[in-house]
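Protein chains in written order, with the working numbering: chain A, 3 to 741; chain B, 125 to 305.
Just so you know, the hints here were simulated from the structure itself, not pulled from any lab data. Ideal placement from N, C-alpha and C gives every residue a C-beta, glycine not left out. Some hints here could point you the wrong way.
With a cut-off of at most 25 Å between alpha-carbon atoms, the simulated PhoX-like pairs for lysine-lysine come out as follows [unchecked claim]: (1) A/K62 - B/K217; (2) B/K300 - A/K132; (3) A/K555 - A/K254; (4) B/K299 - A/K345; (5) A/K73 - B/K171; (6) A/K6 - A/K136; (7) A/K689 - A/K715; (8) A/K254 - A/K169; (9) B/K292 - A/K346; (10) A/K73 - A/K136; (11) A/K6 - A/K500; (12) A/K714 - A/K512; (13) A/K365 - A/K349; (14) B/K239 - A/K345; (15) A/K49 - A/K500; (16) A/K346 - B/K239; (17) A/K61 - B/K217; (18) A/K88 - B/K171; (19) A/K715 - B/K137; (20) A/K349 - B/K300; (21) A/K345 - B/K300; (22) A/K349 - B/K299; (23) A/K349 - B/K239; (24) A/K132 - B/K239; (25) A/K345 - B/K292; (26) B/K234 - A/K41; (27) B/K299 - A/K136; (28) A/K714 - B/K137; (29) A/K61 - A/K254; (30) A/K313 - A/K419; (31) B/K299 - B/K239; (32) A/K73 - B/K200; (33) A/K588 - A/K558; (34) A/K346 - B/K299; (35) B/K300 - A/K346; (36) A/K41 - B/K239.
On the chain B side, residues computed to face chain A include the following (Cβ under 8 Å) [unchecked claim]: (37) T158; (38) G161; (39) F162; (40) G168.
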Amino acid sequence: MILKNELPAGILSALGLTTNDEIYYSVPYDITASGLYQKDAWLVVTKDRLVAYENGAVKKEYDICGLLDVKSENGVSCGVLYVVPKVTGEAEVVVRFSAHHLARFAYVARGCRLLISGSDERVKSEEYEKICPKCGRALPGTRECPHCAKKQKGLSSEIIDLARPYKLQFAGILVLMLLSSLVTILHPEVQKYLVDNILTDPNGTFGAAGLCLILMFAISMASAVINVLKNYSCSKLGTIVSTDLRQKLYGKIQTLSLSFIDERKPGDLMNRVLRDTMRVSDFMAGPFCNLFTVLIILISVVVYMLVLDWKLALLSFVFIPVSIGIAVFFRHNIHRRFHMQRKKEDKINSNLRDVLSGMSVVKSYGKEYDESVRFNEAADSYALTQRRNETFFAILFPIMQFLMGVGVYMITFFGGKSILHGEKTIGELMQFVSYTTMMYSYFGWLSNLPRHLMNLVTSVERISDVMNQEPRIADSAKAVKHRVQGDVEFKDVTFGYKTYEPVLEHVDLKVRQGEMIGLVGASGTGKSTMINLIMHLYDVNDGEILIDGINIKDIKTADYHSQIGVVLQETFLFSGTILNNIKFAKRDATVEEVIRAAKMANAHDFILKTPDGYNTYVGEKGHNLSGGERQRIAIARAILNDPRILILDEATASLDTESEYLIQTALQRLTDGKTTFAIAHRLSTLKNADRLVVIDGHRIAEVGTHNELMEKKGIYYGLVTAQLEMQGTKTDDTEARDA
Amino acid sequence: MEEKEFDLEQMEKETEEMLRINMLTPENAKFTRTAGGFVSLETGGEKYPRVQVVRMFPFTDPGHFISIRTTEERSKEIGIIEDMSSLDADTRKMLEEQLNLRYFTPVITKIINVKDEYGYAYFDVMTDRGECRFTIHMGGSDVVHLTETRIIISDLDENRFEIPDVTKLSATERKKIDLFL
Ligand SMILES: Nc1ncnc2c1ncn2[C@@H]1O[C@H](COP(=O)(O)OP(=O)(O)O)[C@@H](O)[C@H]1O
Ligand SMILES: [Mg+2]
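Just chain A, same shape as in the assembly (with noise of 0.2 Å):
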């Protein structure tokens, strides 16, 4: 997202930007203050001032060492930047904007913030554009536009990329092509042969004639043949480019860092590895397997058409616009009712799914009629729709045929009459209509690429925007590899997902060595974010973090995270075996291994009760297990590899009492000597813990021993009387829970 555009020359020139003053920031916005849209209003940021102009002239002034503070604040499709001047100590509204630019003024307020606090660092955003700042075309998810890409030399280099490594393919592929083009041009050529000079030649004979007619066949044959294998080949040479894509694309995602991941939607880098790649086979196997062949017909039929008679090659020309025009307003047709038509169905679908999922609901509120008088409406409108689109085509499409076949008509009219006045013989006639009719098909087949080209761009785009995307947490070269003890120091971190967005500032926390640390705060302080810090699965925006004194960044990432157990809030089973899912983290583990993890876990016993023990098939996310036995199982694969650095984030939240307190017992024998960060929302489990740490307002509030906090009576103890006065008035559900 771009924080710094060009401005305008007399923005800059009534700016007057100093000697030591500069730009950091330089954002449109687009309402004004009475919310209408305006054009040329700029939020601009230096150094030292923040300065809104509006039509050219300031329209506010700030210097940023008088402000106390500066926000952006989201409204319903809109947003504000107000200030709050030391002066006054109140805040005041700068500029508006709309939704266009929520994101930007974000990250733009944070760097003014940043700005006050004294720091001189500037806010970058990795967050890619919605629109293109050049051609105002909606971004596919991609950073660079597929269109204005295309002018540049990077598209087309990368097409060519893509097909370098299927020289050969490609070549037999062209030769296959160049013979379809030319049996598909000999056949109306010994047609005229037949015609002419033999069955309208007197002196003509049967033989002849019979011959004539088997090497016609001999090239149908032959066309077949070749069609056949250049589809095959075509369709072959487009699955091994997808799959190769395929394999390539989804081993770079997991080299991306999470963040990459998180930014996209979900199932957006799904459809990138399934459905892009599909496309560009798909277009192998359509529109480039036969847009060479269309192209060398296309040329020699023109030349061949011109030079057997230029005049009624002329005619036949004119009728090539309304055959291009029939073809692309059919097919806009066509898309338009196709769309229509499924929006319907999945009107039905949606309103069918809904019903369905939520039958306990609609019957136990008696609303069964009603639902199936909603689900009639919906139905009837889809057949309205279904009906309307088939008269369509019955009616059309022949409509289309005829005015497609107007050329041909006029043609054969003229043509006829070349033929009575003796200036042509009806061979070179009909050789000529078949030609005639060819131009006007591929034509239309031709009008049709633009569409196939820009898909196949745009999937390209979108393939090699993931392929190009450096690695984020990628190890630097001085990484090495490092023999985890188990210190770990937390130095003026500071991190957000989003950098405008701070989840903790400034955290320090020094851990010693098997110290166990319990992580305690209402939800969303970002405890589980601190834990996705002590893994790297992000990079800290300021601040470092340092394992045994080395910063991670220089510790190799595999290397550091084979040494590390983690059992997440959210636990996820691979489907598979019960063993292949313990065994995730160490493959070469022995059983003996295994069995001792599993008991410690105190999953040994449930797994014997299935009827195939360690071999029971768990499906997708372990779907047949109840939560408290995943996270038993997720418990067992942590500690299977004897790991230096255990973090247990709400590990233990779907357990009954009297399970957790035996693995408590247990991970107590474990834990000895390991550094541990555990998370958990019934304190009780944490009491044992070495040091408390409360996370609340983005930073570490409270650290101490169960009693310190308590004694303190800060947000800890209010916690842990809260949760007693729960305990005390509701009765004790966690039991039921594990059923």
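Assemble chain B with the ligands onto chain A, guided by the hints.
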């Protein structure tokens, strides 16, 4: 334990507060415009230097049931104004300014052009806030029917545009947005 009991009381008070519906009237609430373009409120012996003004039913009843809220992140309701027209002219204007600041849903008055290309539709429209171009996704559910005739269109940036009555559009305009109805 004494502290425990005290805490319970506190919790109960909070729950009570959460459940209470506090109606604001010209008699018990005094709004003032701040120099910075916001609004402050004095009510029940408390002074709020800045309050948020939020509609409860922005689509179906924008002029009634206005919630007046504190501005912090976990904002709390201070009170409810049942009917904007029961306020004196000055206060009403003040609050309407705040609503205007918070809600931005231009009403489309004329559809100049709609172009669809590669899965996106590009709109060029005239609204009550001036001319505007915006882009929506074709496949998604960016056009929402509030009623049979009233629609809300959300663009890629989640800007919202309203067409209060599609039947009031001209035939050519309707044809342009046919695809989305
Ligand atoms: N992947 C993510 N992308 C963006 N924001 C996130 C992400 N994960 C968490 N957040 C936000 O960060 C904040 C802290 O979340 P988290 O660390 O999960 O809290 P908790 O203390 O409950 O574990 C929350 O406001 C949450 O919305
Ligand atoms: Mg969490």
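Need the list of violated hint numbers for this structure, in ascending order.
10, 27, 29, 40
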